[in-house]
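Trainee: Residues per chain are reported as follows:
Number of protein chains: 2
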Amino acid sequence: MRVFGIDCGTEYTGWGVVEMVDGPRESRLEPIAAGAIKLDRKHRTPQRLHQVYVELTALLEAYSPEVVAIEDVFFAANAKSALKLGHVRGVAMLSAAACGLPVVEYAPLSIKSAVVGHGLAAKEQVQFMVARLLDLERAPEPADAADALAIAICHIHNARSAQGLLR
Amino acid sequence: MRVFGIDCGTEYTGWGVVEMVDGPRESRLEPIAAGAIKLDRKHRTPQRLHQVYVELTALLEAYSPEVVAIEDVFFAANAKSALKLGHVRGVAMLSAAACGLPVVEYAPLSIKSAVVGHGLAAKEQVQFMVARLLDLERAPEPADAADALAIAICHIHNARSAQGLLR
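Residue numbers (UniProt numbering), protein chains in the order written: chain A, 1 to 167; chain B, 1 to 167.
Please note that the accuracy of each hint is not assured.
Which copy is meant is left open, because identical chains are indistinguishable; a pair holds if it fits in one copy or across any two.
Under the rule of at most 27 angstroms between Cα atoms (straight-line distance), these lysine-lysine pairs were calculated in the BS3-like manner [what the hints assert, rightly or not]:
| # | residue 1 | residue 2 |
| --- | --- | --- |
| 1 | K123 | K84 |
| 2 | K38 | K123 |
| 3 | K84 | K42 |
| 4 | K80 | K38 |
| 5 | K123 | K80 |
| 6 | K84 | K38 |
Worth flagging that the hints you see were computed from the coordinates, not collected in a lab.
Here chain A stands alone, though its shape is the one from the complex:
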């Protein structure tokens, strides 16, 4: 199972691809790629959204995941910042739909629980555990890329749990 995680943001939109490789005795998580789309501040919103769309669809085509996982947002920030995040999030979901891929959403609490073991983990703990789970020397940078990998790991964890394959 190959999962493409997206961590939407108005400055950086992180992305990360993780594959669950089934071995003879056990399965392991393999990091395929990760990065972040940096939105150009000089551009206006429609051009920035177009950049997100073009880059994300190119990445989805390049890495051929089976599913796209994104963070579900229910934070208490003000309506204006929610609207701005919604712009990017809408375009991210559209990119997946345009590539014919299903989209799954996970609450921040579920993502932290899946990666660290509890929902109140600090950002640094998430990054530390992403590196550890994927057998990387250090967490990918920027942090948005590591967060996107965490979202992908969360989906793999949940999908496997649903199949009864994880303890």
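Position chain B relative to chain A; hints supplied.
Mentor: Chain B only, in chain A's frame:
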């Protein structure tokens, strides 16, 4: 000048095309087309956003406007509804950018002022005046289509004012 107005919504996204036709003595507003994209409640968000994107880009290609006008939103609703509206709004702006069209945004107050003459007008007054300004027997339905025409009229009014062509 041909303007494509979009009234974003999570159930209906209205659209309307208005042209300013310059005559020998005076200019007049001509309604080209209007309608609303009804989002299918049976579909999930990514598929709905894909529907908005596909229909909007087809309309933009069909009607070849010079500019896309959308409503700027600074309402005080909760963050969750702002996020949902942001999804549609982001995809609408992307559609314009993907067609190489500039996007202009107008506050609800400016739209009402341009169409009715003051910013506190009721929804029905806006619809009445849209029909009157475009010489239509009645306002187009659903109301979202009329609202989209109002946004297009607002831009024409502002662009002409900037040129010093309107009193």
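Trainee: Flag every earlier hint the structure violates by its number, smallest first.
Mentor: Those not satisfied: there are none.
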